[in-house]
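Be aware that the sequence shown starts at 1, since it is given in UniProt numbering, and climbs by one per residue.
One should not assume that every hint holds.
[Said to hold, decoys possible] Simulated pairs of lysine-lysine, DSS-like, Cα-Cα distance not exceeding 27 Å:
1) Lys39 to Lys132
2) Lys96 to Lys37
3) Lys74 to Lys136
4) Lys96 to Lys132
5) Lys39 to Lys74
6) Lys136 to Lys39
7) Lys37 to Lys132
8) Lys74 to Lys32
9) Lys74 to Lys132
10) Lys96 to Lys32
11) Lys37 to Lys74
12) Lys136 to Lys37
13) Lys96 to Lys74
Keep in mind the hints are simulated off the structure, nothing from the lab.
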Amino acid sequence: MVLLTQRLLRVQQFKKLIADKQSPMKGLMSGKYPITKTKQYLNQGIVLRDSVRIMSINYGNYENNYEAHSGVRKIVELNLSQFQHMNPNVQVLVIKDLTPTPFFTFFLENGERFYIDAEGQDQVEILSRIQKVIGKPRELIQRETSAAEPNPANFGPGFKAKCICKIQGQVPCSFTSDVWPMQERRELKKHLNPNPKKYVFGLDDEET
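Put together the whole structure using the sequences plus the hints.
Written out as structure tokens, the structure is:
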């Protein structure tokens, strides 16, 4: 019984040692392609047009037609996370070993659908074709990004400056700063011309 317990302890220690060797170093990301989990890599994906609601990817691991699916297989391994990150409102489906040829299906919001054939094409060719057919151009993405950014000229609740007096070079707010003393305001109000058309030269014109 003692020998059996010692053997079990040795087996557990050996398994733990193997697991520690196979596990990644502390601070490093795990997985086959760790770079696909970085934010910089995810932000380089293709942005689909707003009309796309569902994207399905069909491919397989058939022995007789293995090379024809290699491009789509690479996209699933390396670029699937990019599609999901850059298109959060699009449902991405992966259908494996159900169709003899690889292709992409895009379902639009009006109920229509269209297909992109990917048989025999490599990863770069497929991605460039998707970008050309259904992806947003870079100019459109830049315009939408700039339009969504807050205008620095606006002020008020919800903007960077709550009042225009906070902007450098503007007169401070009279509510918080004593810009003009009240005594001087009263003196000015006494000599204020109520009717500029009648008293062209001011109130003293009537006395003269």
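Verification of the supplied hints:
1. Lys39 to Lys132: Measuring from Cα to Cα gives roughly 24 Å; hence the hint holds.
2. Lys96 to Lys37: 23 Å, holds
3. Lys74 to Lys136: Since the Cα atoms of Lys74 and Lys136 sit roughly 22 Å apart, the hinted pair holds (cutoff 27 Å).
4. Lys96 to Lys132: Holds, at roughly 25 Å.
5. Lys39 to Lys74: 19 Å, holds
6. Lys136 to Lys39: Distance ~20 Å between Lys136 and Lys39 Cα, so the pair holds.
7. Lys37 to Lys132: At roughly 26 Å apart (the allowed maximum being 27 Å), Lys132 and Lys37 satisfy the hint.
8. Lys74 to Lys32: 12 Å, holds
9. Lys74 to Lys132: With a Cα-Cα distance of about 19 Å, the restraint between Lys74 and Lys132 holds, given a limit of 27 Å.
10. Lys96 to Lys32: 20 Å, holds
11. Lys37 to Lys74: 16 Å, holds
12. Lys136 to Lys37: 23 Å, holds
13. Lys96 to Lys74: 13 Å, holds
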